[in-house]
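Participant: Construct the complete structure from the given sequences, taking the supplied hints into account.
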Amino acid sequence: MAEEMKLGRFEYCLNVKDVHESLAFYKKLGFEEVGGSIEENWVIIKHGNCTLGLYQGHIEVNLLNFRGGDIYEIAEYLKSQGLELVKDAFTEKDGSAAAEILDPDGNCIYFNTFPGEEI
Numbered sequence: 019m020a021e022e023m024k025l026g027r028f029e030y031c032l033n034v035k036d037v038h039e040s041l042a043f044y045k046k047l048g049f050e051e052v053g054g055s056i057e058e059n060w061v062i063i064k065h066g067n068c069t070l071g072l073y074q075g076h077i078e079v080n081l082l083n084f085r086g087g088d089i090y091e092i093a094e095y096l097k098s099q100g101l102e103l104v105k106d107a108f109t110e111k112d113g114s115a116a117a118e119i120l121d122p123d124g125n126c127i128y129f130n131t132f133p134g135e136e137i
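At position 58 of the sequence shown (counting the first as 1) the number is 76 in the working numbering, and the numbers step up by one without a gap.
The set of hints was computed from the structure by calculation and includes no laboratory data. Glycine is no exception: its CB is placed at the ideal position from the N, C-alpha and C atoms. It is possible that part of the hints are untrue.
[Claimed, not checked] Below 25 angstroms or equal to it, Euclidean Cα-Cα: the simulated BS3-like pairs (lysine-lysine) are: (1) K35 / K64; (2) K35 / K45; (3) K46 / K24; (4) K35 / K46; (5) K105 / K64; (6) K24 / K105; (7) K97 / K24; (8) K45 / K24.
[What the hints assert, rightly or not] Per label pair, the in silico range of CB-to-CB distance: (9) K97 / G124: 32 to 38 angstroms; (10) K105 / F43: 30 to 36 angstroms; (11) K35 / Y90: 32 to 38 angstroms; (12) K24 / L47: 26 to 32 angstroms; (13) A42 / V104: 30 to 36 angstroms; (14) P133 / Y30: 20 to 26 angstroms; (15) K35 / T109: 30 to 36 angstroms; (16) S98 / F43: 37 to 43 angstroms.
Facilitator: Following this line, the structure appears as structure tokens:
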């Protein structure tokens, strides 16, 4: 059996209207804050094996986010599978790498890795 492609750690990213209100809601469900910057209107929360990113003003749509994978390797693998990338692998000014595809229903799947974050 071929080695499995390592897409990275998964988190679902929500485009929220008010990050403070959303954080308070999810804390009532038992989520705890594990990262991000509430002052910059984004926070990462976790409950069990569920990780959510709450983003106010940073993303346009909810998206599936995979972090820590080798973005260029992932992009080449996706293309070898006949998938069309909305944004091919590229490196941002901050040194992070990213790529993006859409599933058949138009849901965004975003791959992103900052230097030193690789799995």
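Participant: Now tell me, hint by hint, if it's right for this structure.
Facilitator: Okay, the hints, checked on the actual structure:
1. K35 / K64: Holds, because 19 angstroms separates the two Cα atoms, which is no more than 25 angstroms.
2. K35 / K45: Answer holds: K35 to K45 is near 17 angstroms, not above 25 angstroms.
3. K46 / K24: 33 angstroms, violated
4. K35 / K46: Holds. K35 to K46 sits at ~18 angstroms (cutoff 25 angstroms).
5. K105 / K64: 28 angstroms, violated
6. K24 / K105: Answer holds: K24 to K105 is near 19 angstroms, not above 25 angstroms.
7. K97 / K24: Between K97 and K24 the Cα gap is close to 15 angstroms, so the pair holds against 25 angstroms.
8. K45 / K24: 30 angstroms, violated
9. K97 / G124: 32 to 38 angstroms: 19 angstroms, violated
10. K105 / F43: 30 to 36 angstroms: 31 angstroms, holds
11. K35 / Y90: 32 to 38 angstroms: Given about 35 angstroms between the Cβ atoms, the range holds.
12. K24 / L47: 26 to 32 angstroms: 30 angstroms, holds
13. A42 / V104: 30 to 36 angstroms: 33 angstroms, holds
14. P133 / Y30: 20 to 26 angstroms: 24 angstroms, holds
15. K35 / T109: 30 to 36 angstroms: Check passed, 31 angstroms falls within 30 to 36 angstroms.
16. S98 / F43: 37 to 43 angstroms: Check passed, 41 angstroms falls within 37 to 43 angstroms.
Checked against the numbered hints listed earlier, the structure breaks hints 3, 5, 8 and 9; every other hint is satisfied.
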